[in-house]
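Enquirer: Sequence:
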Amino acid sequence: MKKVYAVIALVILYSQIFSQVITVSTLAGNGTEGYADGNVNSAMFNRPAGVAVDDTGNVYVADTGNYRLRKITPSGDVSTLAGDGTQGFADGSPNNVKFNGIGDLVIDNFGNIYASDFYNNRIRKVSPSGDVSTFAGSGIAGFADGNNATAQFKNPVGLAIDKEGIVYVADQNNNRIRRITGGQVTTIAGDGAAGYIDGNALSSRFDYPTDIEVVGQDLYVVDNWNNKIRKISSGQVSTISGSNYGFADGTLANAKFYNPLKLVSNKSFDLFITDTMNNRIRKISGNQVSTLSGSIVGFEDGNVGNAKFYSPNGIAIDNQGNLYIADAGNNRIRKIMMNSILSTKELMKNKEMIIYPNPAKNEFSLQSLTNELLLLMDTSGRKIQNINLKAGKLQNVDISSLSKGVYILTDGKTKSAKIIKE
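For the sequence shown, our numbering assigns the number 591 to the initial residue and increments by one for each residue that follows.
Because the hints were derived from the structure by calculation, they are not lab data.
Quick reminder that beta carbons are idealized off the backbone N, C-alpha and C, glycines included.
Some hints here could point you the wrong way.
Derived CB-CB ranges, DEER-like [unchecked claim]:
1) Ser632 to Leu965: 18 to 24 Å
2) Lys857 to Ala731: 34 to 40 Å
3) Ser991 to Tyr946: 18 to 24 Å
In silico DSS-like pairs for lysine-lysine, Cα to Cα no more than 27 Å straight-line [to be verified]:
4) Lys1011 to Lys994
5) Lys846 to Lys857
6) Lys661 to Lys715
7) Lys994 to Lys898
8) Lys688 to Lys744
9) Lys898 to Lys846
10) Lys715 to Lys744
11) Lys688 to Lys715
12) Lys753 to Lys857
13) Lys873 to Lys898
14) Lys951 to Lys898
15) Lys1011 to Lys973
16) Lys753 to Lys715
17) Lys973 to Lys994
18) Lys661 to Lys753
19) Lys821 to Lys753
20) Lys898 to Lys1011
21) Lys857 to Lys661
22) Lys994 to Lys873
From just these sequences and the hints, can you work out the full model?
Expert: Structure representation (structure tokens):
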């Protein structure tokens, strides 16, 4: 038995034994289409389309099918910030306002949320307390630049905001990119005709642009029906990646997308894209396109390489570089942990701990030379159970009820280990 332990037991010492581990978990939503506030595990959404995260870790959801704006707190509570749940248009207090298809969300430096109201052809502004006003758009489905109140949009979807508070709009059915600043709406790219033309921004053509992202001094656009990622820089539009529709990783020129919807960038200027019909999260870094996560349609948490999505839509990023996905077809908000504690050192100073087996199916065993009070949690930080480990005693831990995936065993201070449930 001791020889078996020596061969297959995982012995954790003071050393760096992990490289970065990326995992996917469900942040909120039980997967049933519907409407319910409360705990993240029992909350329900209806085809969520947009997601945004503030500096304190609150996640906001464009719950499109429920005509509501929802809020997920770091403590795991889901509430309705604004919207009475009926389709229509009304500004005012949180419980009385009406939306008609929220497409995307962005947050300014003061905590105000901007929402693209797709069928109302307006950009709405939501205060931190949930009061809603119309930021831009007359409500008429059409095209007109000018004053915020008289400007016209036609099914606006994607939004972006820069450090100065300038709002950018992917005006989908006008095939234009619009800018809102100083009480004025202007067109910065697209001549209005559906098509595909690079070059001068105002002469360029898009076909159903669905999102936009500010990256440095440039803007990146998801050109949905052209299955391309475009760039607006110094008054010129160019194609960054994408060819015909389909799926292919590889060089920027050879990569293929299939109805990509939203995108976000990190501090290294990498782009992450919800490739909706491919049910994947794609990454553009340097001159390469790769698949970060996803494969066939479905639902599965766990290792980023095995996770599954169903028509992923909105995407956001927090200050730590973690990604949040509005997994529309699964009616869930998913989280991709990019910088988890699994990339830190395993600090079992001058001590030895045995964890066996790992990966495990129904249970694993622990043994330590010292008394330890440990916490088993998932990759989102949710507590699973406490483990009071006595020195020298072999203790079994039941994990039969847990979903497949990666879990963390930690003392909350300097010691941590990865547990994989098969």
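Enquirer: All hints are to be evaluated individually against the structure, with a verdict given for each.
Expert: A quick look at each hint next to the structure:
1. Ser632 to Leu965: 18 to 24 Å: holds (23 Å)
2. Lys857 to Ala731: 34 to 40 Å: 38 Å Cβ-Cβ, so the 34 to 40 Å window holds.
3. Ser991 to Tyr946: 18 to 24 Å: holds (20 Å)
4. Lys1011 to Lys994: Given that 27 Å is the threshold and the Cα spacing comes to 5 Å, the pair holds.
5. Lys846 to Lys857: Roughly 25 Å between the alpha carbons, so the hint for Lys846 and Lys857 holds.
6. Lys661 to Lys715: holds (15 Å)
7. Lys994 to Lys898: holds (13 Å)
8. Lys688 to Lys744: holds (18 Å)
9. Lys898 to Lys846: holds (19 Å)
10. Lys715 to Lys744: holds (18 Å)
11. Lys688 to Lys715: Status holds; Cα separation ~12 Å.
12. Lys753 to Lys857: holds (14 Å)
13. Lys873 to Lys898: Holds: Lys873 and Lys898 sit about 16 Å apart, inside 27 Å.
14. Lys951 to Lys898: holds (20 Å)
15. Lys1011 to Lys973: Roughly 16 Å separates the two Cα atoms, so the pair holds.
16. Lys753 to Lys715: holds (17 Å)
17. Lys973 to Lys994: holds (16 Å)
18. Lys661 to Lys753: The hint holds at about 23 Å.
19. Lys821 to Lys753: holds (19 Å)
20. Lys898 to Lys1011: holds (17 Å)
21. Lys857 to Lys661: holds (25 Å)
22. Lys994 to Lys873: holds (25 Å)
In this structure, none of the earlier numbered hints is contradicted; all agree with it.
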